[in-house]
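Here the protein sequences come in this chain order: A, B and C.
Just so we're aligned: 114 in UniProt numbering is position 114 of the first sequence, and the numbers increase by one with no gaps anywhere.
Just so we're aligned: 277 in UniProt numbering is position 277 of the second sequence, and the numbers increase by one with no gaps anywhere.
Just so we're aligned: 3 in UniProt numbering is position 3 of the third sequence, and the numbers increase by one with no gaps anywhere.
To be clear, the hints were calculated from the coordinates, so they are not data collected in a lab.
Be careful, since some hints might not be right.
Said to hold, decoys possible - Okay, derived cross-link-like pairs now, DSBU-like style, lysine-lysine, Cα gap no bigger than 35 Å in a straight line: (1) Lys282(C) with Lys167(B); (2) Lys49(C) with Lys282(A); (3) Lys296(B) with Lys281(C); (4) Lys167(A) with Lys310(A); (5) Lys294(A) with Lys282(A); (6) Lys294(A) with Lys101(C); (7) Lys282(A) with Lys74(C); (8) Lys310(B) with Lys309(A); (9) Lys257(B) with Lys302(A); (10) Lys281(C) with Lys302(A); (11) Lys257(C) with Lys176(B); (12) Lys309(A) with Lys176(B); (13) Lys282(B) with Lys294(B); (14) Lys281(B) with Lys176(A); (15) Lys302(A) with Lys302(C); (16) Lys282(C) with Lys296(C); (17) Lys281(A) with Lys310(B).
Here the structure is a predicted model, which is why all the values come from computation and not from measurement.
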Amino acid sequence: MRFERPVPLTEIASLIGATIIGNKNSAATGINEIHKVEEGDLVFVDHPKYYQKCIDSAATFIIINQPTDFPSHKALLLVEQPFEAYQKIVQHFRPFMPSMKNVSDSAIIGEQTVIMPGAYVGNHVTIGNNCIIYPNVVIMDHCIIGDNCIIQAGTIIGSDAFYYNKKTNRPVHYKKMLSCGRVVIENDVEIGAGCTIDRGVSGDTLIGAGTKMDNLVHIGHDTVVGKNCLFAAQVGIAGATTLEDNVILWGQVGVSKTLTIGAGAEVYAQSGVPASLDGGKKYFGSPVQEAAVKMKEIVWIKRIPELWKKVTGE
Amino acid sequence: MRFERPVPLTEIASLIGATIIGNKNSAATGINEIHKVEEGDLVFVDHPKYYQKCIDSAATFIIINQPTDFPSHKALLLVEQPFEAYQKIVQHFRPFMPSMKNVSDSAIIGEQTVIMPGAYVGNHVTIGNNCIIYPNVVIMDHCIIGDNCIIQAGTIIGSDAFYYNKKTNRPVHYKKMLSCGRVVIENDVEIGAGCTIDRGVSGDTLIGAGTKMDNLVHIGHDTVVGKNCLFAAQVGIAGATTLEDNVILWGQVGVSKTLTIGAGAEVYAQSGVPASLDGGKKYFGSPVQEAAVKMKEIVWIKRIPELWKKVTGE
Amino acid sequence: MRFERPVPLTEIASLIGATIIGNKNSAATGINEIHKVEEGDLVFVDHPKYYQKCIDSAATFIIINQPTDFPSHKALLLVEQPFEAYQKIVQHFRPFMPSMKNVSDSAIIGEQTVIMPGAYVGNHVTIGNNCIIYPNVVIMDHCIIGDNCIIQAGTIIGSDAFYYNKKTNRPVHYKKMLSCGRVVIENDVEIGAGCTIDRGVSGDTLIGAGTKMDNLVHIGHDTVVGKNCLFAAQVGIAGATTLEDNVILWGQVGVSKTLTIGAGAEVYAQSGVPASLDGGKKYFGSPVQEAAVKMKEIVWIKRIPELWKKVTGE
């Protein structure tokens, strides 16, 4: 999330009750997760395991629960509970203020674009030229849609991430991590009917130009989809995963989180992808293997009775 | 289904054309299925295989197609077609009278709760305090939603059960069993976008407090979900199944009907659950096995070629 | 697609810039794909591999990119790019002119049929008697729904096909093939909540009388579903596939394109169907096998360790 203006670090510190360690006379430009932060951004970390990674990231300001060495051009914001500090920043700078109109007054709609009945277009949404937004589509706040896009009926763009902070005090329960990110859809994308595309938690979920999806596809938060990908019906992709250009996923494929599928990979129907895949190859199975390997394996399984007979004579 | 008032047995008998055997001077409090009936309720049975079970259940009044022994504090309602009698009772006491307003006048909406544009809230729905009902959500008649719940866009709460009576006269066809049950969602539940939760046929579908679901999840009729469960995207759970507390189902898991998954069980992505599972363990596969067993099996399969070579020398 | 009137061949030729070879004094009744064309129809073909099949089909007029022998009662429409010619015909004879009303003035709604709030009923839609169209259902232009049908909340009928023409000039990209077909739903059909049924590209997607579907089911373009079929939740069927009468697909089954499942076949949950199946049998697995064979295979896999021990002594 970009702030609308650079925010003085002292203002942030006051909001979250933090002690500033380092240069107090600077301003933050936004907040984001560690893989996406840029210079000037805030990031938060509450586990010593990730301290160094956060301090070494592009982020300039680190919300942290313990003093730690850091480069002189950065600053720490010391708080007891960094997660709660993050929640406060989101609530303050991007509060949930739902538009109660079908098309928000702050939405920008391009020329020749058709918004059909029952569609909802939230605050600060931008839709390009020559798009068709079919009936009962929902596009939540701050999402961006390029030119020549088709969003078929009933699809939801910009739902909140499935992302919770596990609280292990009894009973175990889950606290929602507030989403403040967006969905950004490039030009010439078509999304089928009944799909759901979650927005980034603090970054963007991105759908690359020319990508086409069939119906009932799910795309998780912060996932980055390349250009000219094809996803058949009922594909599901978890959060923070990267699909490079020209990836093809056939029907009901499931892809796990935070992995990468290389350019031009093709995954056959109903496969399950638990880890990164090289580009340019074909895959099948749950868990997935290279398709040729999986096909041979299927043949080998059919030979077990023959092998049994060879060994036992029965 | 509870009746709005205790209904004299003679009134029921007259409605369905039944002969009362036993105490005529009593009143029924509702109708339910055998696993959920309480004292004072009606239940129906049309197959001798289930006669005894129904008579022994908590139900006080049994709609049945043959005279059978029963305890003296109960009564039989003798009819030729118990299924048709059930349908008549539902049509009479809970007729389909759809609200044609977006939010029915008989709905009760709590304080600080936001109902966004395009959402539909049916008759006699109750929604607690501090909830967000996102655009184009549908909540059908009689459903109950607790406090601090979030229902993301396009989700359907209270659709009818996928439940039909097979008619074997030619051609084979299916007659819809009318639903009169509800969906009851406890406090602090979040349901993702594009989900569908069917109401109970005559009982309740229940979602326990603190449970969180991702997008495009399907929950069948009369299913009971415990507290603080997590269901990832595209999970599907069939009807009348019980998930105890703290169950985790990862993406695209399918769960069959009328089974139980024990507390704290975790089922990995794309697994299929055909029968009950013990709590506290991890599972994988379709059909599912304990995850460690399944992982070993995957390794064993890869050793078939080596085994073949040992045996045949090729 | 039927034209509203027979269209002189000269008018078509002028629209698409074609040279007519053969009888110029005739008129076309419609355009369709090769498996569905009837006498009087247009068909298009751009690959020599399919020339003969198109010329031998029931179509009377063949849009083609090379002169080829043909029977004297037919005619060729010679163009450089038959695909582009098809697109022009669709845009001309069935242009996208979306109704901006919830229920189009040109829709025909039968007696006793209830259209609930938020539902969208497009141009030239016909809905029979005694149907319930639940809230936020979308029925796109030209679709036909029979009598006594129930369409549960949030379902989309008549979304466009997932059908693209691959352009191999760099970068590889996909051009949408325009849909002009319909969804035709016969009597006594029930479609669950959150389903998506694509219309035919140029023909019809057909759902046979008495068929019942659970929630979140996807049906691809031009697929033909027989009578009295049952599809459980989250089933997905790709395009141009045929399911004969009384087929049962359990939860999360996936079916590939352009195949046939014979009458009375039953496919167990989570199975994947890559090729045609005989009727009257039970199937399981991904890829699917006869259920009894698959069950034995599962047992054989469990015997690999025992076999290993027999062979190696370890």
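So, going through the hints one by one against the coordinates:
1. About 20 Å separates the Cα atoms of Lys282(C) and Lys167(B), which keeps this hinted pair within 35 Å; it holds.
2. Taken as a hint, the Lys49(C) and Lys282(A) pair is honoured in the structure, with Cα atoms around 26 Å apart against an allowance of 35 Å.
3. For the hint pairing Lys296(B) with Lys281(C), the CA-to-CA distance comes to about 32 Å; that is within 35 Å, so the pair holds.
4. For the hint pairing Lys167(A) with Lys310(A), the CA-to-CA distance comes to about 56 Å; that exceeds 35 Å, so the pair is violated.
5. The suggested pairing of Lys294(A) with Lys282(A) holds, with an alpha-carbon distance near 10 Å, which does not exceed 35 Å.
6. Simply put, Lys294(A) and Lys101(C) have alpha-carbon atoms about 51 Å apart, too far for the 35 Å limit, and the pair is violated.
7. Of the supplied pair hints, the one linking Lys282(A) and Lys74(C) is violated, its CA atoms being roughly 43 Å apart against a limit of 35 Å.
8. With a C-alpha separation of about 14 Å, the suggested pairing of Lys310(B) with Lys309(A) holds against the 35 Å cut-off.
9. For a cut-off of 35 Å, the pair hint linking Lys257(B) to Lys302(A) stands: about 31 Å separates their Cα positions.
10. For the suggested pair Lys281(C) and Lys302(A), the alpha carbons sit about 20 Å apart, so the restraint of at most 35 Å is met.
11. Under the criterion of a C-alpha separation no larger than 35 Å, the hint pairing Lys257(C) with Lys176(B) is consistent with the structure, at around 30 Å.
12. The suggested pairing of Lys309(A) with Lys176(B) is violated, with an alpha-carbon distance near 51 Å, which exceeds 35 Å.
13. Between Lys282(B) and Lys294(B), the direct Cα distance comes to roughly 10 Å. Compliance with the 35 Å bound is thereby established for this hinted pair.
14. Taken as a hint, the Lys281(B) and Lys176(A) pair is honoured in the structure, with Cα atoms around 25 Å apart against an allowance of 35 Å.
15. Proposed proximity of Lys302(A) and Lys302(C) is supported: the alpha carbons are some 13 Å apart, at most 35 Å.
16. For the proposed pair Lys282(C) and Lys296(C), the alpha carbon gap of about 14 Å is at most 35 Å, so the pair holds.
17. For the given pair, Lys281(A) sits about 31 Å from Lys310(B) by alpha-carbon distance, which is consistent with the 35 Å threshold.
Comparing the model with each numbered hint stated earlier shows that hints 4, 6, 7 and 12 do not hold.
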